[in-house]
Amino acid sequence: MRPTFVFIILFLLASRASAQTITDHLMMPKKDFCTGFLYTYERWKDYWEGAQKRDNQNIGTLITSQIMWVGNYGLTNKINLIAMVPYVKTSATAGTLAGMEGIQDLTLAIKYALVKKEISSGTFTAFGILSGSTPLTNYTPDYLPLSIGMASTTVSPRLTATYKLASGWYALASAAYVWRSNVSLDRPSYFTDGNIYFTNQVWMPNQFAGFYSLGYNKNALQVEFNLTQQNTLGGGDIRKQDMPFVSNRMNSMRLGVLGMYYLPKPKNLALRAHVSYTLNGLNVGQSMAVMGGFLYTFHFVKNDNQ
Amino acid sequence: MALLAMPFGCKDIGSSENLFPLTPANVDANAGTWKTILLTSANQISIPDPAVTTQQATYLTELEAIKDAQSKLTADQKRTIEYWSVGGVLRWNQLFRKLVAQFNLPPVPNVDGSYPFPDSENPFSNPQFPFANPPYAARAYSYVHVAMYDALLAAWYYKNLYKSSRPDSPYEVDNAIQSLMPKVDLPPYPSEEATMSGAVSEMLKVLFPTAVEEITKLAADQRNAVKWAGKATDTDIAAGLALGKAVATLITANSTGTFTLSGASGAKTINLSLTLASRGRFRTDNLGAAVGSAASWKALADAAIAKGETPWISLEVPPRPPMLPGFGTVKVWGDPGGATPKADNITPVLIIASERPVAPPSTTSEEMKRQLAEVKSYAKNVTRSQISIVHKWADGAGTYTPPGHWNDIAEEYIRDAKFSEVRAARAFALLNMAFHNAAVGCWETKYFYFNPRPGQLDGSIKTTTGVPNFPAYTSGHSTISAAAAAVLSYLFPQNTHYFNDQAKEASNSRLYGAIHFRADIEMGFSHGSKIGSYTVNFAQTDGAN
Numbered sequence: 001m002r003p004t005f006v007f008i009i010l011f012l013l014a015s016r017a018s019a020q021t022i023t024d025h026l027m028m029p030k031k032d033f034c035t036g037f038l039y040t041y042e043r044w045k046d047y048w049e050g051a052q053k054r055d056n057q058n059i060g061t062l063i064t065s066q067i068m069w070v071g072n073y074g075l076t077n078k079i080n081l082i083a084m085v086p087y088v089k090t091s092a093t094a095g096t097l098a099g100m101e102g103i104q105d106l107t108l109a110i111k112y113a114l115v116k117k118e119i120s121s122g123t124f125t126a127f128g129i130l131s132g133s134t135p136l137t138n139y140t141p142d143y144l145p146l147s148i149g150m151a152s153t154t155v156s157p158r159l160t161a162t163y164k165l166a167s168g169w170y171a172l173a174s175a176a177y178v179w180r181s182n183v184s185l186d187r188p189s190y191f192t193d194g195n196i197y198f199t200n201q202v203w204m205p206n207q208f209a210g211f212y213s214l215g216y217n218k219n220a221l222q223v224e225f226n227l228t229q230q231n232t233l234g235g236g237d238i239r240k241q242d243m244p245f246v247s248n249r250m251n252s253m254r255l256g257v258l259g260m261y262y263l264p265k266p267k268n269l270a271l272r273a274h275v276s277y278t279l280n281g282l283n284v285g286q287s288m289a290v291m292g293g294f295l296y297t298f299h300f301v302k303n304d305n306q
Numbered sequence: 001m002a003l004l005a006m007p008f009g010c011k012d013i014g015s016s017e018n019l020f021p022l023t024p025a026n027v028d029a030n031a032g033t034w035k036t037i038l039l040t041s042a043n044q045i046s047i048p049d050p051a052v053t054t055q056q057a058t059y060l061t062e063l064e065a066i067k068d069a070q071s072k073l074t075a076d077q078k079r080t081i082e083y084w085s086v087g088g089v090l091r092w093n094q095l096f097r098k099l100v101a102q103f104n105l106p107p108v109p110n111v112d113g114s115y116p117f118p119d120s121e122n123p124f125s126n127p128q129f130p131f132a133n134p135p136y137a138a139r140a141y142s143y144v145h146v147a148m149y150d151a152l153l154a155a156w157y158y159k160n161l162y163k164s165s166r167p168d169s170p171y172e173v174d175n176a177i178q179s180l181m182p183k184v185d186l187p188p189y190p191s192e193e194a195t196m197s198g199a200v201s202e203m204l205k206v207l208f209p210t211a212v213e214e215i216t217k218l219a220a221d222q223r224n225a226v227k228w229a230g231k232a233t234d235t236d237i238a239a240g241l242a243l244g245k246a247v248a249t250l251i252t253a254n255s256t257g258t259f260t261l262s263g264a265s266g267a268k269t270i271n272l273s274l275t276l277a278s279r280g281r282f283r284t285d286n287l288g289a290a291v292g293s294a295a296s297w298k299a300l301a302d303a304a305i306a307k308g309e310t311p312w313i314s315l316e317v318p319p320r321p322p323m324l325p326g327f328g329t330v331k332v333w334g335d336p337g338g339a340t341p342k343a344d345n346i347t348p349v350l351i352i353a354s355e356r357p358v359a360p361p362s363t364t365s366e367e368m369k370r371q372l373a374e375v376k377s378y379a380k381n382v383t384r385s386q387i388s389i390v391h392k393w394a395d396g397a398g399t400y401t402p403p404g405h406w407n408d409i410a411e412e413y414i415r416d417a418k419f420s421e422v423r424a425a426r427a428f429a430l431l432n433m434a435f436h437n438a439a440v441g442c443w444e445t446k447y448f449y450f451n452p453r454p455g456q457l458d459g460s461i462k463t464t465t466g467v468p469n470f471p472a473y474t475s476g477h478s479t480i481s482a483a484a485a486a487v488l489s490y491l492f493p494q495n496t497h498y499f500n501d502q503a504k505e506a507s508n509s510r511l512y513g514a515i516h517f518r519a520d521i522e523m524g525f526s527h528g529s530k531i532g533s534y535t536v537n538f539a540q541t542d543g544a545n
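Here the protein sequences come in this chain order: A and B.
For the first sequence, the numbering used here assigns the number 1 to the initial residue and increments by one for each residue that follows.
For the second sequence, the numbering used here assigns the number 1 to the initial residue and increments by one for each residue that follows.
A hint or two may mislead.
What the hints assert, rightly or not - Within a straight-line C-alpha distance of at most 30 Å, the following computed DSS-like cross-link-like pairs (lysine-lysine) qualify:
(1) B:K462 <-> A:K89
(2) B:K462 <-> A:K45
(3) B:K298 <-> A:K240
(4) A:K45 <-> B:K163
(5) A:K89 <-> B:K392
(6) A:K89 <-> B:K380
(7) A:K240 <-> B:K462
(8) B:K67 <-> B:K183
(9) A:K240 <-> B:K217
(10) B:K268 <-> B:K205
(11) B:K418 <-> A:K240
(12) B:K268 <-> B:K217
(13) A:K117 <-> A:K31
(14) B:K376 <-> B:K298
(15) B:K35 <-> B:K418
(16) A:K45 <-> B:K392
As the list claims (entries may be wrong) - Derived, one-sided and incomplete: chain B residues facing chain A with beta-carbon distance under 10 Å:
(17) L105
(18) V206
(19) V291
(20) G398
(21) L457
(22) K462
If you're looking for bench data, these hints aren't it; they were derived computationally from the structure.
Glycine residues also receive a C-beta, built at the ideal position from the N, C-alpha and C atoms.
I would like the entire structure built from these sequences, with the hints used as guidance.
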């Protein structure tokens with residue numbers, strides 16, 4: 001491998017190592033370990049009650065901040081292991097409801113490079129990813145919009161395809177199906193989607209997760225536009241003047257812009273920033289999210305490319 | 001991956017409790033002699049002797065209709081039979097809880113910051129009618145269960161009266177008819193299922209006018225189920241339906257005069273006549289005055305200020321008018337009345353104002369400061385297990401309310417005790433009358449003192465459940481739960497300990513959630529126990545023991 005190519009790989013890896021590490025088109029080489037912390041600040045004032053957009057003066061602005069540890073290890077050049085753990089804190093600027101905070105879910109993923117092919121002046125790559133997540137703490141999902149998560153255990157197979165030109169332009173599409181386990185509430189009954197349930201168990205509809213990006217990178221700079229899609233395959237709407245419920249049909253389409261810079265010094269340190277906004281949704285807040293953080297790569301094996 | 005071995009989402013989580021086909025431990029054949037609640041007596045409404053209404057030929061035709069239906073039962077119809085064979089009283093209680101949860105949503109504020117009020121004449125508009133909040137629900141639960149109970153007492157009276165005219169169920173008369181529900185050794189005329197279907201559905205239609213279609217279908221299903229199951233003929237069903245409707249009319253009639261109540265099933269129609277000298281209690285119990293007016297809300301605040309206290313204010317934005325401030329004047333079960341005939345047959349008489357708890361600590365007192373500090377410490381240091389208790393008992397907007405939660409708890413015990421339909425109806429009637437009385441007593445107290453919530457006195461107090469939009473003193477959850485423990489402990493004495501523990505937990509949940517002071521929950525609890533004891537005293541003398 002040529003040194004510049006490795007540079008770009010590291011650069012891109014660092015830039016996308018949030019949930020995007022799972023969706024992106026990059027692989028850590030064997031015995032490399034990339035790790036770091038990413039901070040996200042997200043807020044919304046308007047939300048969709050079903051399809052009806054509104055605000056709520058008893059919530060004001062809902063703020064979620066999160067610090068996430070992320071790690072990505074190259075088991076082989078073709079197999080990467082990824083792990084993420086966020087600490088989440090919520091609050092509302094109005095009303096009486098207390099915020100919540102705590103360690104949320106552990107995400108583990110295994111990513112396998114299925115196909116890599118030169119086509120005309122670019123490279124086509126396809127990945128298969130299996131990821132899963134499970135709550136690490138006993139937080140309640142029954143306190144939306146102030147719960148720190150959904151408390152569901154998930155398993156999610158994903159396919160990603162990407163095409164990158166030698167000039168640096170690339171396009172990527174990634175799609176996953178997310179199986180979600182039932183969740184337990186602290187109460188013995190609930191009403192959702194037109195029915196009453198006399199149990200503390202909630203069936204969680206599965207989800208489709210899409211990620212689409214167009215980007216450019218060359219040397220130390222990268223810019224990417226991306227769309228993140230979440231479609232919940234079932235579930236009820238938030239009723240008029242009701243609180244959201246964990247199994248609601250929460251759909252969203254978010255537009256994001258990624259900006260990223262790889263420091264010449266210290267070596268192996270990447271800084272990244274990502275801003276995203278909900279274009280459209282159902283039963284979710286219309287949020288603006290800003291993320292920033294750093295990632296550092298350790299090389300456990302000296303190789304010719306260093 | 002280990003994750004793959006985790007149990008995964010299963011849609012079939014069971015939307016209803018585990019109920020089993022009901023074979024009563026005792027059919028309570030003498031229930032026609034038990035004390036009625038609103039009917040002057042079990043035979044206030046007369047129904048005809050089946051020997052007179054049904055000639056032999058008609059009877060045989062009705063048996064043929066059952067055989068014909070049984071010969072072509074669809075899978076859906078079999079499911080309907082199974083659904084209702086667990087006991088109609090338990091099913092209606094469940095269905096009722098669903099309707100309460102569905103309609104328990106507050107109105108959305110207007111653009112100008114004012115709030116609209118639900119309007120029974122315009123129920124489909126925004127806001128929907130009703131807003132089935134806790135006091136509204138407590139009253140509704142009590143009326144429907146009283147109607148169901150009185151109607152069944154009348155049904156049992158006539159089953160006994162006409163047992164020689166109609167001793168046997170269809171499956172006992174004709175070997176070609178199968179019994180597809182558990183056999184119950186009671187005369188089939190009038191059908192108890194049809195009786196409750198008429199009484200309950202007519203009550204629910206008045207309470208939830210936009211759900212008439214759903215209610216009508218469920219009631220018809222229940223009647224069809226007993227016919228398909230070989231348990232009752234069209235005549236048994238028609239008579240029960242008319243009887244049930246008559247009891248509901250007696251309670252909900254909005255005018256006086258003579259009413260004709262018609263019960264129809266298959267080719268059979270039975271008409272009953274009911275003459276009422278006064279409007280139904282449901283129309284005259286003073287609920288209409290419960291909402292109040294801007295002037296009456298201000299008067300409540302002025303009265304608190306005149307006493308040197310800080311008056312309650314709404315913590316919602318925009319400020320929402322207090323929930324049903326006049327609910328404390330709604331007639332209770334055991335009301336002394338003054339009207340003729342007396343409002344109900346319940347003794348001892350309950351005078352709500354005489355049972356009112358003493359004043360809470362003054363908002364300016366040291367004791368109040370101490371109690372406020374205690375609430376604040378819960379707000380700041382609440383544990384996960386306390387949050388779990390807060391959420392277990394929150395029963396707030398969009399749920400079946402605290403009375404609904406206690407009906408949910410009671411259901412399991414009624415099921416396990418294998419109560420007959422009439423005894424199950426009695427249990428729910430007693431429980432829900434106590435809830436209504438507790439709600440009235442609590443509301444009378446809340447608006448007499450008009451005391452602020454902790455979060456009003458200290459804006460830094462954040463809560464782990466919504467702050468209810470009415471004064472703090474006393475706690476409705478505590479009052480309702482203590483009344484529940486009193487009645488359930490009477491019905492199921494071997495579980496007294498459990499009911500008291502649960503009631504205490506429900507009461508404490510409001511302190512853990514930082515929405516109530518200790519005085520609210522402690523005084524509410526003892527108030528609720530006292531009010532519940534009135535219902536227990538009545539139960540001890542109603543002839544059912």
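To see whether the hints hold, each was checked on the structure:
no., hint, result
1, B:K462 <-> A:K89, "15 Å, holds"
2, B:K462 <-> A:K45, "19 Å, holds"
3, B:K298 <-> A:K240, "29 Å, holds"
4, A:K45 <-> B:K163, "68 Å, violated"
5, A:K89 <-> B:K392, "23 Å, holds"
6, A:K89 <-> B:K380, "15 Å, holds"
7, A:K240 <-> B:K462, "24 Å, holds"
8, B:K67 <-> B:K183, "17 Å, holds"
9, A:K240 <-> B:K217, "26 Å, holds"
10, B:K268 <-> B:K205, "24 Å, holds"
11, B:K418 <-> A:K240, "40 Å, violated"
12, B:K268 <-> B:K217, "19 Å, holds"
13, A:K117 <-> A:K31, "24 Å, holds"
14, B:K376 <-> B:K298, "29 Å, holds"
15, B:K35 <-> B:K418, "21 Å, holds"
16, A:K45 <-> B:K392, "29 Å, holds"
17, L105, "5 Å, holds"
18, V206, "21 Å, violated"
19, V291, "18 Å, violated"
20, G398, "5 Å, holds"
21, L457, "13 Å, violated"
22, K462, "4 Å, holds"
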